[in-house]
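A.B. asks: Given the coordinates of chain G, assemble chain C onto it according to the supplied hints.
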Amino acid sequence: MYLPGGSKREILVRDEEETDPAYGKPPYKRSIDELLEAGFINLDKPPGPTSHQVVAWIKEMLNVTRAGHAGTLEPLYWGGDIPKLQVYYL
Amino acid sequence: MRMHGDFKGEELRRIVKEFTGPIYQRPPLRSAVKRMVRVRRVYYIEILEIQDRDVLMRIGVEAGTYIRKLCHDIGEVMGCGAHMAELRRTRAGPFKEDESLTDMYRLLDAFTIWREKGDEKYIRELLLPVETGVAHLPKIIIKDGAVDAICHGAMLSVKGILRVETGIKKGDTVAIMTQKGELVAMGKALMRSEEMVSSRQGLAVAHMKVIMKPGTYPRMWKGRSV
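Those protein sequence lines, which keep their order, are chains G and C.
Each residue of the first sequence is one higher than the one before, counting from 0 in numbering that gives the first Met the number 0.
Each residue of the second sequence is one higher than the one before, counting from 0 in numbering that gives the first Met the number 0.
Any given hint might turn out to be false.
What the hints assert, rightly or not - With a Cα cut of at most 20 Å, we get these calculated DMTMM-like pairs of lysine to aspartate or glutamate:
1) K58/G with D108/C
2) K58/G with D32/G
3) K179/C with E15/G
4) K116/C with D32/G
5) K7/C with E75/C
6) K212/C with E33/G
7) K95/C with E45/C
8) K158/C with E16/G
9) K142/C with D14/G
10) K142/C with E17/G
11) K208/C with E36/G
12) K138/C with E194/C
13) K24/G with E124/C
14) K168/C with E193/C
15) K179/C with E9/G
16) K95/C with E61/C
I should point out that these hints are in silico values taken from the structure, not numbers from a laboratory.
Isolated chain G, as found in the complex (with noise of 0.2 Å):
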């Protein structure tokens, strides 16, 4: 069965250096202020809302300039209360 991004990958070596620790961190390392400044937030959407209006919520909540989402194209249309599973960036 094809699956994108299934295989599991190896590692091809060209050249070898050091990092130097004075600049730049480890993700893990990261404060919670940069965090904020980007990032995903994997949220599962009130159904009743639109994307829209979670967006806006999130951005007044959390305090950011810039945020969006990342979910279906097809409008909440058929008529359900379905919750899905967004995908918000900062």
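C.D. replies: Relative to chain G, chain C alone:
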């Protein structure tokens, strides 16, 4: 999916196999995209449960596939007709229903606990770093000296490369990372993985979508590519 007539589960399972692989679809009237026939891949359709005329399925599809249309078409082929009664997205690329999945209430609580009590444990679980978005992309790890140039839009030449994941073909979208695991940019590969490692020179990645802020790493370059 709700079927509009009685049917045999065996026949449904057989028909559903026909719908895996590439299929034709035209977006419905109410859609954000141009309404032309296009090919979309259905990776799998798994029938989980059948109860009277209701069918519970798990479906894996290429982005932009209309499940509603898929259910309709399955109904047509089955003869009795069908429609999509309920839909829940359980995965989008690297994002799934796992511990990172949250809702507005939990998000607000976690955020408030951090703001008011200084305990960041809860909010940290919910704020996923940008790198999470490229978990499914093949990676190229570059030298520190090449990072800032990429942040300014330079293309990546093989000379800036330290390590490459296998399986990259020309035209593939790749993620360019620092040795510390930070995402620098996404781009399109101009070479295969093996070529990136064995070539003495040449451009490996172009069409950058830069994520990292310039200045995060010091400027150590001049010219159009590193």
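A.B. asks: Does the structure keep K158/C and E16/G at a Cα separation of 20 Å or less?
C.D. replies: holds, 12 Å
A.B. asks: Need the status of pair K208/C, E36/G: alpha-carbon distance at most 20 Å?
C.D. replies: holds, 17 Å
A.B. asks: Is K7/C close enough to E75/C, meaning Cα to Cα at most 20 Å?
C.D. replies: Given pair K7/C, E75/C holds - Cα atoms ~15 Å apart, limit 20 Å.
A.B. asks: Within a Cα-Cα threshold of 20 Å, do K179/C and E9/G meet the stated pairing?
C.D. replies: Holds - the C-alpha atoms of E9/G and K179/C are around 18 Å apart, at most 20 Å.
A.B. asks: Is it true that the CA of K179/C sits at most 20 Å from the CA of E15/G?
C.D. replies: Status holds; Cα separation ~14 Å.
A.B. asks: Between the alpha carbons of K212/C and E33/G, is the straight-line distance 20 Å or under?
C.D. replies: With a Cα-Cα distance of about 12 Å, the restraint between K212/C and E33/G holds, given a limit of 20 Å.
A.B. asks: Against the 20 Å threshold, does the CA-CA distance of K58/G and D32/G hold or violate the hint?
C.D. replies: Holds. K58/G to D32/G sits at ~14 Å (cutoff 20 Å).
A.B. asks: Given the proposed pairing of K168/C with E193/C, does the C-alpha separation stay at or below 20 Å?
C.D. replies: Roughly 9 Å separates the two Cα atoms, so the pair holds.
A.B. asks: Against the 20 Å threshold, does the CA-CA distance of K138/C and E194/C hold or violate the hint?
C.D. replies: holds, 15 Å
A.B. asks: Please verify whether K58/G and D108/C have alpha carbons no more than 20 Å apart.
C.D. replies: holds, 15 Å
A.B. asks: Assess, step by step, whether the Cα of K142/C is no farther than 20 Å from the Cα of E17/G, and give holds or violated.
C.D. replies: OK: K142/C and E17/G at ~9 Å, within 20 Å.
A.B. asks: Are the Cα positions of K24/G and E124/C separated by 20 Å at most?
C.D. replies: holds, 19 Å
The structure shown violates none of the earlier numbered hints.
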